[in-house]
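Novice: Take a look at the letters that make up each chain.
Number of protein chains: 4
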Amino acid sequence: MFSMQNMIKEAYRYASYSLGEGAPADYIPELAKADTKRLAVSITDLAGRTHSVGDSQERFTMQSISKVVLLATALRFAGFDGVFARVGVEPTGDPFNSIIRLETDSSNRPSNPMINAGAIAVTTCIPGATPGERFGHVLEYARALLDNPELDYDKEVYRSESETGDRNRALAYMMRASKVIDGAVPEHLEVYFKACSLSVNCEEISFLGAVLANNGISPRGGKMLIEPFHVKVIRSLMSTCGLYDYSGEFALRVGIPAKSGVGGGIMGAVPSRMGIGTYCPALDPKGNSLCGLRAMEYLSQALNLSLF
Amino acid sequence: MFSMQNMIKEAYRYASYSLGEGAPADYIPELAKADTKRLAVSITDLAGRTHSVGDSQERFTMQSISKVVLLATALRFAGFDGVFARVGVEPTGDPFNSIIRLETDSSNRPSNPMINAGAIAVTTCIPGATPGERFGHVLEYARALLDNPELDYDKEVYRSESETGDRNRALAYMMRASKVIDGAVPEHLEVYFKACSLSVNCEEISFLGAVLANNGISPRGGKMLIEPFHVKVIRSLMSTCGLYDYSGEFALRVGIPAKSGVGGGIMGAVPSRMGIGTYCPALDPKGNSLCGLRAMEYLSQALNLSLF
Amino acid sequence: MFSMQNMIKEAYRYASYSLGEGAPADYIPELAKADTKRLAVSITDLAGRTHSVGDSQERFTMQSISKVVLLATALRFAGFDGVFARVGVEPTGDPFNSIIRLETDSSNRPSNPMINAGAIAVTTCIPGATPGERFGHVLEYARALLDNPELDYDKEVYRSESETGDRNRALAYMMRASKVIDGAVPEHLEVYFKACSLSVNCEEISFLGAVLANNGISPRGGKMLIEPFHVKVIRSLMSTCGLYDYSGEFALRVGIPAKSGVGGGIMGAVPSRMGIGTYCPALDPKGNSLCGLRAMEYLSQALNLSLF
Amino acid sequence: MFSMQNMIKEAYRYASYSLGEGAPADYIPELAKADTKRLAVSITDLAGRTHSVGDSQERFTMQSISKVVLLATALRFAGFDGVFARVGVEPTGDPFNSIIRLETDSSNRPSNPMINAGAIAVTTCIPGATPGERFGHVLEYARALLDNPELDYDKEVYRSESETGDRNRALAYMMRASKVIDGAVPEHLEVYFKACSLSVNCEEISFLGAVLANNGISPRGGKMLIEPFHVKVIRSLMSTCGLYDYSGEFALRVGIPAKSGVGGGIMGAVPSRMGIGTYCPALDPKGNSLCGLRAMEYLSQALNLSLF
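Chains as they are written, first to last, in the UniProt record's numbering: chain A, 1 to 308; chain B, 1 to 308; chain C, 1 to 308; chain D, 1 to 308.
Don't read these hints as lab results, they were simulated from the structure.
Possibly wrong hints are sitting among the right ones.
No copy is singled out in the list; a pair is fine if it fits within one copy or between any two copies.
Here are the simulated DSS-like cross-link-like pairs (lysine-lysine), alpha carbons at most 25 Å apart as the crow flies [what the hints assert, rightly or not]:
no.	residue 1	residue 2
1	Lys33	Lys155
2	Lys179	Lys286
3	Lys37	Lys179
4	Lys179	Lys33
Given these sequences and hints, build the entire structure.
Specialist: Listed below in structure tokens is the structure:
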């Protein structure tokens, strides 16, 4: 008999065949410790109900999924024009941390907000007298968007991010050198690294997906959390750039606006249908959760979720 | 009162404000002669009815819109695996005729079938003893997909394409040098240039859009022209790569799977809704029809067509 | 009648025809203030005599000419193998501050010690507990190599360098991210920026050229300041990489191992013949002193100095 | 006792320690057949006497050494300005057949005449009604420059070059697309491939080196074969770009204007001293003859030949 719960169970089962493949992110020592046998699949429907199978309470860090939260926060404070004066909207086909285009593109703007350079540029649009105050805005918003008032960042991972963040420092200084951004680079990176370190679980990211699926309106309580135009912007960027240099193949195989993070999470937002969260920290060479991709593929096929 | 015809009229009016801006493609002498005051908007619904405003009978060459026809033809003959052994599916953010990634990407495969290198690689998958026979497959299929049994290529434009096609020759020889393709380069390019030179009108490309919107089934007669899996492949690639290095912004502003050509046409396919054709030969610096983009934006907003 | 003094006078006259062309470096505010009417030409022969015409006592900062001093210092402390584990020896054809190759080259090492990234990597080879101690080694050595025990760095320029040094910070963090260098980036850059800010005059740089011309032996006093093998290394790198992306043309037109700086100086070392210094702060678009190039061309022709 | 013959014998002995390392060029099937145990060292002094050790009569194809002959021929017919309107003079640090810079450099000119793209551009400057007539100019000049009136090209190698020359075709079409060159690409490549296939021996290339060392005057007979200004141009380009992306290290370790070819030859020209030829078809990964490099290093040290 069809039920959402059964569907998720099947997606979990299908994904679990890939357990044992891939490896956790190794460039941040804290992430390398993750248990690659953990797997979870969650769906939050537009009535606000969350269904899960597997380790859906296991906490992990958002990593690049936080790029969506940073973008939503920046759009809220600086508006569309403010944000996109500093970052473009084009997919690149480059790895997430590439520096080449900052030099070769005539505008010097990073290509889009879903790669590291772009997310750092986005972060500089979030106002505040101190990095603490600025991250406060992100945290407060994240607590609403993920429906967890206790949400916080993981101090150990944050320290590890910061210690190994030289490439992000390079990206930030390149952008300041070409006047795409201004202000104190270490402060911007404090906010950015803390956002990457936000500790979440699979159910919470499925809720974020559901907010985006529901045109920005919380499926629990009905409050408008993101304005509809910004939702369209975010969903289109997730569709074209959300999975690094796998975005094109994900569009073809899954066809759902989504964002992955090297912490092992993938968050999907199916417009007017549902939010999806998956978690498994074993990554493929492009930095996407291997079992998460499998689960997404299953759900897209089984529930006919592809936009294309 | 709402009617499809009124909507198109409004889209036409909105687009016509941009008449006079932009310029026709100048790198192919024949194209530079186009009358930049010509403008047309057509919609074909899934019942096969076509509504038009403006110069919808004016003939122009498909140019890059033919990449969709070439891809459909190649998928039909060589299947998904056959085609995508020679070309990737990732957007690049590069101009349509860039050669850099053929050298820097480890696979040496062109990034996707919507840029020149990729479409040439796709062309090599179309079988036949002679270029004439091979182009015959393309032409026959194009006649069905655009519902015009008289469809043919424009000899003047073909000659002009061929004379000025050195960059495409360079792309082809680079790919043969790295064994991505094999066979006689001049023969592949004959097929490719003839496909680019297919002479169509705005109504016909809206019909092609409608076939893709209707999951491959002809809205006139009900014959399955493209198998559904191939339709999904084509629509996802149009969504992430269809407008060159403007694809990301088009997704954000319009959100319709579409393909533009430097001949001045844009073809859109709104899944389960309609096919759209626009025509005006004045291009923006990225090679997309300026008034066509305006018309697409209007229709997307007015009819709520964005997938995102 | 031939005399060295007359030759220099003619070189000065020939160069002075280009006074008024070019512009001072503008990316460092302090440098933009330079008086572009200042011009000097100096030659130090291998008996230690210095001949000058023009503003040869005018002080300016070494900028990239200090790359030679940094390399000599690093070779002295870390030896050939120590230094060239962190930097290559190939010319690049790229501008002096390009970051692309740090990403695309398989080794991630900067291409050579005559571009910014390479000189920063070289700087990390200079030992010391503090940046002060480390720069002390550079300063002490520079005083000997330029034969001025009072030599020091310009505090205003140093502050200006440091404030506008974001691109160099980006280069340094990129190299630390790929483990080409280690240690504290701000400390390395303090040493590097202070070296760039070393305040010299035209006669002094001609003396440095004479030391290099004389196989490392001071033409005043006869002390071996640089060991002969290191001199060969430095002179060959000056020949292939000393004038940024003008190095090939300089080899063809002048043919002298030389190093230019955006402060307006050019230092040349003609093996077994003489050292040459020129100074004029108006630069061509590639960052080389315009009148300096003219003077070098004249001297190369008149005295038959080209190695090629 | 010192004698030139003894020196060469020692150089041969030193080089022979590397026999067995490296591999012949494999991208041209004919070259892959070469016997990697063949080794020869020849010196031609400025009195026209040639001294040799080893397989100095063994014939091999010039390959990239012909770039020097092509450049000399083009300079003779089109002059400095004619040639360098189509090609630059800067080293690149890229492999010999790279296409990237043809796209990224603002001028679209190839970087220098010592890489494939540059040599093809140079070839287009050689006049004639037919490729046969044009290659005739090259052949006639090569016979004089290498002092062998019987010199001809190897038909087997030429056919092999032509069959596998797709990357060179790509380079040529790229340059014609950006209007750096004009004319029929297949005709230019016929001349270029035939020049690459010129069959020579080690003694003959040492004679070519001696002509260049002797400022263009034949050391046998005293005829001026290349005008002195052109000799300077050629020697400086050999110095900065003659050994592909090993040119910088060769300057440092050997310091002689030289040109290598993947046929296994290296030709050196020590100004006012001698010409050197080496031959061994086993190449290092950068395409230079491994034993040839060893022999050059030995001679440079033993005879103090480095310019730097």
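Novice: The structure should be examined with respect to each hint, and the outcome stated for every one.
Specialist: Cross-check of the supplied hints:
| no. | hint | verdict |
| --- | --- | --- |
| 1 | Lys33 x Lys155 | within (15 Å within a copy, 47 Å between copies) |
| 2 | Lys179 x Lys286 | between (30 Å within a copy, 21 Å between copies) |
| 3 | Lys37 x Lys179 | neither (45 Å within a copy, 31 Å between copies) |
| 4 | Lys179 x Lys33 | between (38 Å within a copy, 22 Å between copies) |
The structure is inconsistent with hint 3 alone, although it conforms to all the rest.
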